[in-house]
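Enquirer: These are the residues of each chain, in order.
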Amino acid sequence: AQRVTQPEKLLSVFKGAPVELKCNYSYSGSPELFWYVQYSRQRLQLLLRHISRESIKGFTADLNKGETSFHLKKPFAQEEDSAMYYCALGSTSYGKLTFGQGTILTVHP
Amino acid sequence: GAVVSQHPSWVICKSGTSVKIECRSLDFQATTMFWYRQFPKQSLMLMATSNEGSKATYEQGVEKDKFLINHASLTLSTLTVTSAHPEDSSFYICSARDRLNEAFFGQGTRLTVV
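As given, the protein sequences belong to chains H and E, one line each in that order.
When we follow this note's numbering, the leftmost residue of the first sequence carries the number 110, and every step to the right adds one.
When we follow this note's numbering, the leftmost residue of the second sequence carries the number 834, and every step to the right adds one.
If you're looking for bench data, these hints aren't it; they were derived computationally from the structure.
Think of the CB as a built atom: it goes at the ideal place given N, C-alpha and C, for glycine as much as any other residue.
It is possible that part of the hints are untrue.
Derived, one-sided and incomplete: chain E residues facing chain H with beta-carbon distance under 8 Å [claimed, not checked]:
id: 1; residue: 875
id: 2; residue: 935
id: 3; residue: 940
One chain only, chain E, in its complex shape:
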């Protein structure tokens, strides 16, 4: 199957700094990617839909200025957590759908803000 890769797998940052997470579709082009957030032993919550060449579509309650999404190419979407605070600590997962409409998920990024 198709592969979606996230980088980094884990990151620790100081409160107030910004962190960028990359999501790449390695062997297919994805005009749309999705960013999810997962709390421990809880479900995945969709944060936003990343659209190649246009603005991301955010879910209700997700701060656009806090979670900046850029989808500059058909194989790369980035999520930047700006001015991170401890409450932003979480597991962030991206996914992309291939031409057969099957969703593939990245391995996730564990963000810890100290």
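One chain only, chain H, in its complex shape:
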């Protein structure tokens, strides 16, 4: 069975501080991992996916198959990063996504 765990429901940091949102997964096959972000009163949108290996808005995430983790990191948080972040596990075959519980990130000025 697929499972995604985001251990932190709330995360608060100050502007300019590094931030790491944790995500661990459980999947028997080859995982496809994503981070989605939901800003206040906006729809869910893709932040990044592990196969792209790109940096979006300063965020990066590395898939660690040994630790079954896909933590999201940013060296210097900005106030506009405040949002709900969801880690998701997908299957290229079936297309559906399994979401973690979400982490509310608050960046204080």
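Since chain H is already given, all that's left is putting chain E on it; use the hints.
Expert: Relative to chain H, chain E alone:
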């Protein structure tokens, strides 16, 4: 990026009535769409996979007769909540994947059953 539109954005209905929510992919064709339910400050729970031209695939614990899904065309899927009750009040979100396999989400529909 691609756009997925849901209608309505919010709806209030009386207990016992049925409510239909539409999900449209505006600029791409989606043979598969997904319906999620989100409780306040909680995660998205997949309800069902909507397949164009065939029956939807429901997740365990989701009542098929309660949540009717129809995917009549490559750009439209509908979710009908039948005989709605207050416990059905929730935020319903649909998504569709484009040809590059990226998922796009609708803005969601807030259903309140009174």
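Enquirer: Indicate, hint by hint, whether the structure satisfies it.
Expert: Going down the list of hints, with the structure as the test:
Annotation: interface hint on residue 875 of chain E holds; nearest CB of chain H at approximately 7 Å, less than 8 Å. Look at residue 935 of chain E: its Cβ gets to within about 6 Å of chain H, closer than 8 Å, so that hint holds up. The beta carbon of residue 940 of chain E comes within 5 Å of a beta carbon in chain H, closer than 8 Å, and the hint placing it at the interface holds.
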